[in-house]
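Trainee: Each chain is listed here by its residues.
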Amino acid sequence: MSFIKKPRLTKGLPQNTLGLTIADYEGAMSTLCAGCGHDSISAAIVQAYYELDIEPHRIAKVSGIGCSSKTPTYFLRPAHGFNSVHGRMPSIITGANAANRDLHYIGVSGDGDSLSIGLGQFCHAIRRNVNMLYVLENNGVYGLTKGQFSASADVGSSARKGGEVNAQAPIDPVLTAINFGCSFVARGFSGDKRNLVPLLKAAIQHPGFAMLDVISPCVTFNDHEGSTKSYAYTRDSERTTVYADFIPVLEPIEANVEKAVTSVTLHDGSRITLRKVDDDYDPFDPGAATAYIRAHQAQGEIVTGLLFLDENALDLHRTKNTTKTPLNALESSRLIPGAAVLEDLQKAWR
Amino acid sequence: MQSKDRINDFVIKIATVNGTGSSSANTLLMKAIFRMGIPVIGKNYFPSNIQGLPTWYEIRVTEKGYLARSGSVGIMVAMNAQTYAEDLVEVSPNGLLIYDATWPRAELESRPDVTVLPIPLSRMCNEAFSGARTRILLKNIAYVGVIAALIDIDQDRVHQLLTETFADKPKLIDSNMQAFELGYDYTRSNFECPLKTRLVPMDAMADHIMIDGNTAAALGCVYAGATVGSWYPITPSTSLFDAFGGFCKRLRKDSDTGEHNYCIIQAEDELSAIGMALGAAWSGARAFTATSGPGISLMSEFLGLAYFTEIPLVLFDVQRAGPSTGMPTRTQQSDILAAAFASHGDTRHVLLFPSDPAECFEFAVTAFDLTERLQTPVIVLSDLDIGMNDWPCPSLSWDDNYQPDRGKVYSADDLSQMDTFARYLDVDGDGICYRTLPGEHPKGGYLIRGSGHNKFGGYTEKADEYQEVVDRLRRKFDTAAGLVPEPVIETAERADCAIVSLGSCDGAVREARDRLAAEGILADYMRVRAFPFSQSVIDFLTRYERVFVVEQNRDAQFCSLLQTETGLSGDKLIPVLSYGGMPVACTDIIDPMLEKIAKGKAA
Chain A
1 MSFIKKPRLT KGLPQNTLGL TIADYEGAMS TLCAGCGHDS ISAAIVQAYY ELDIEPHRIA
61 KVSGIGCSSK TPTYFLRPAH GFNSVHGRMP SIITGANAAN RDLHYIGVSG DGDSLSIGLG
121 QFCHAIRRNV NMLYVLENNG VYGLTKGQFS ASADVGSSAR KGGEVNAQAP IDPVLTAINF
181 GCSFVARGFS GDKRNLVPLL KAAIQHPGFA MLDVISPCVT FNDHEGSTKS YAYTRDSERT
241 TVYADFIPVL EPIEANVEKA VTSVTLHDGS RITLRKVDDD YDPFDPGAAT AYIRAHQAQG
301 EIVTGLLFLD ENALDLHRTK NTTKTPLNAL ESSRLIPGAA VLEDLQKAWR
Chain B
351 MQSKDRINDF VIKIATVNGT GSSSANTLLM KAIFRMGIPV IGKNYFPSNI QGLPTWYEIR
411 VTEKGYLARS GSVGIMVAMN AQTYAEDLVE VSPNGLLIYD ATWPRAELES RPDVTVLPIP
471 LSRMCNEAFS GARTRILLKN IAYVGVIAAL IDIDQDRVHQ LLTETFADKP KLIDSNMQAF
531 ELGYDYTRSN FECPLKTRLV PMDAMADHIM IDGNTAAALG CVYAGATVGS WYPITPSTSL
591 FDAFGGFCKR LRKDSDTGEH NYCIIQAEDE LSAIGMALGA AWSGARAFTA TSGPGISLMS
651 EFLGLAYFTE IPLVLFDVQR AGPSTGMPTR TQQSDILAAA FASHGDTRHV LLFPSDPAEC
711 FEFAVTAFDL TERLQTPVIV LSDLDIGMND WPCPSLSWDD NYQPDRGKVY SADDLSQMDT
771 FARYLDVDGD GICYRTLPGE HPKGGYLIRG SGHNKFGGYT EKADEYQEVV DRLRRKFDTA
831 AGLVPEPVIE TAERADCAIV SLGSCDGAVR EARDRLAAEG ILADYMRVRA FPFSQSVIDF
891 LTRYERVFVV EQNRDAQFCS LLQTETGLSG DKLIPVLSYG GMPVACTDII DPMLEKIAKG
951 KAA
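For the protein sequence lines, the chains are A and B, in the order given.
The numbers in my numbering rise by one with no breaks, and the one at position 327 of the first sequence is 327.
Numbers given in my numbering equal positions in the second sequence, counted from 1, plus 350.
Don't take every hint at face value.
To be verified - Cross-link-like lysine-lysine pairs, in silico, BS3-like; alpha carbons within 30 Å at most:
{"hint": "1", "chain 1": "B", "residue 1": "K949", "chain 2": "A", "residue 2": "K11"}
{"hint": "2", "chain 1": "B", "residue 1": "K546", "chain 2": "B", "residue 2": "K603"}
{"hint": "3", "chain 1": "B", "residue 1": "K603", "chain 2": "A", "residue 2": "K320"}
{"hint": "4", "chain 1": "A", "residue 1": "K324", "chain 2": "B", "residue 2": "K812"}
{"hint": "5", "chain 1": "B", "residue 1": "K603", "chain 2": "A", "residue 2": "K146"}
{"hint": "6", "chain 1": "A", "residue 1": "K347", "chain 2": "B", "residue 2": "K521"}
I should point out that these hints are in silico values taken from the structure, not numbers from a laboratory.
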């Protein structure tokens, strides 16, 4: 942890189409432990928004409580941030999105924040298909309270101190999200930025709830031998099934495809491409996807990539048929019916 | 037995089984009286149940316009055999009891001082109508006919009301009118009509409406320009969101596109409901939620967050009897302290105390203006009696010049002309800082947090920086005391004592003052309408030796709050409490007051 102010150097850095450098997307100096997976995710988030040419102040970043929920301070300084209460980030974003549908919303959470205290809100935000990116920084432990198992800890995973072995079945955020009808489900690894940034970009542009589970080792409490969320274990066990990329409207699809490529066109004409490693994987069939993930999990593998996608699912606003103008921008003259209408309404009560 | 004429001043209580459709019959009866220009109020005592348990509806006809529960019953309609015995006991001396005499009862209890009228309601309806459900529903309309004959309600008026109610289903007008006439004609043929206890048309309700507080509050939210509402169903607040949804469908659909200029979300629980409202208000929409009972406990954590991060939020707490699940369909004012200090740590919240549906409408608008002005939650403490019962109120009015007070918000223009923005600077010295809305301008971005922060919004664990922020929050609350609605004060020339009260106690207090005055005891009156207490509340309290504090909870919560917040001696504040779950009646106030006054004299 450091109180040193982060230097802001922009000279000579390349600019995106908005004329902003990657430094314009950064945040304050991280106070997390050196080597924390979360810092790599923050760096990937910075890069993804920079590469997508999104104005940083048009992003709202919201979190709950925990190590992961501290990270919005460490990226996108010009964005509005809200470090709220434990497990309740989804409701804050749901309300914010209801009020202003024009912003980009990123919710940052952890396995404690999402899968224990916040499991209800996590599931219900998925059900409502709130248009947001939900990043679940998954390390299997409670860091701030010094190393208790979280609900994502695998059976047989051991604690760093005392050697206690977890006996309770984990809650897998990916399987949970697919089960609740999540319209975009992906898993990445904080140690694999090359795949993480494209996943983030696709998730950001997805017009609905995009759940991105990122295995993000805790170097202090869960990176030892016997842990199933360590850097070493994750590197050995990761099986990337569907590589994803996001292609803006104007860019042609590159020709150097290795395996079968599926391209999904979004409403604005941009595309998400999916490059499958296993030909038999179907990222559009929730049942098949679930079966595949389960089968590989049973073999000790961590399936990563863009695992499920339904880009046509109606988001909250389309379900509610809300006006295209953000509700917070409606003039009061359009909202307040006036004295004559009030007089008319009262006839029913006379 | 009806010894004296009793005009426009009596209570009709109707005992039925819930789920049998009696509420529309009761509304019809009450509305007919209201249309005769006579002040009338209905109170529904219903079980927390869907079907099959006893339920009562009490209609108080009150020439003087008293709005409280009277505590006496002149005419009992005992339609529920299960509760017949207790219903009989409740009738006042010289009263009347009507029952369905279709099936003769071997042992029918009676009282020498109560006239019992047997009417074969089921038999008449079974003969006239087919279909089990129809017969049950129309039996209710038939007892309306019985009462109409007895107390002299004009048949045409009933016909007119039925025509309005069933404008879309004209067939039902005839069957309902037929059922009404069955009861009406039978009663006229078999008994002396009208009774000495009866109605005489007045002209007191000309510019009045009959409305419940939840409907009025919902309408207030529409008129305040609220666009986002999130809620979780819970009695007795549910009907507030039912009404808001209904009004929005009617008034907030874009005429060209059919799109909605509102967003209502039924949340998964109360935590989420308030979280959504907070997220929307953070984004600059006028947003609100409503709850009751356990909901206020569940929302406490977010209330603390909203207080500390200084985000506007309107919360309607339609109070019911606690603690815990308590009695969901009974009224109380027992959330006063829980609401005033909701959440851990040093928190305090602005409260508004409406006394009737008209004030629910007014205070809904006030609440949105105050919450955005003060950037802190405003809780409107209504209750089941106000929220779910139909009250006669002066017609609602609206000033088309109304401009919402959006408070201190820097616009994109403001920000573009500033070097830097910091969230918690007390620029104006009133404890209220300037905020920015997400997405407005690159200079407006900041990270809001429920953790310790300094005046720039940055994280802190330093004592002086933290204290500077929480001390300013306290000053902001002092500012609030000057902005909230002033108390309503009524004084006499030479008062013996004073009564202080709040919310739905108002009707009972007014009636109690009249009765006490008739016995030579003059009591001045202050109805407090908000917390924090303004200077005029303190000034009033200091003027009297003895102040009776009337409220509807066991622990004298309002009285405690007055003591701790004003620093006045506890000796002068004497609690008068009613907390059984029934709306307070004037006798609940008069009897303890007289006792305490007598004790005071003896000492």
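Trainee: Hey, K347 of chain A versus K521 of chain B, does the alpha-carbon distance stay inside 30 Å?
Mentor: Holds: K347 of chain A and K521 of chain B sit about 23 Å apart, inside 30 Å.
Trainee: Between the alpha carbons of K603 of chain B and K146 of chain A, is the straight-line distance 30 Å or under?
Mentor: Violated: K603 of chain B and K146 of chain A sit about 52 Å apart, past 30 Å.
Trainee: Is the hinted pair K546 of chain B and K603 of chain B satisfied, with a Cα-Cα distance of at most 30 Å?
Mentor: violated (52 Å)
Trainee: Going straight from one Cα to the other, do K603 of chain B and K320 of chain A come out at no more than 30 Å?
Mentor: holds (12 Å)
Trainee: Would you mind confirming whether the straight-line C-alpha gap from K324 of chain A to K812 of chain B stays at or under 30 Å?
Mentor: Outside the cut-off at roughly 45 Å; violated.
Trainee: Going straight from one Cα to the other, do K949 of chain B and K11 of chain A come out at no more than 30 Å?
Mentor: Distance of about 86 Å is beyond 30 Å: violated.
Against the hints set out earlier in the document, violations occur for numbers 1, 2, 4, 5.
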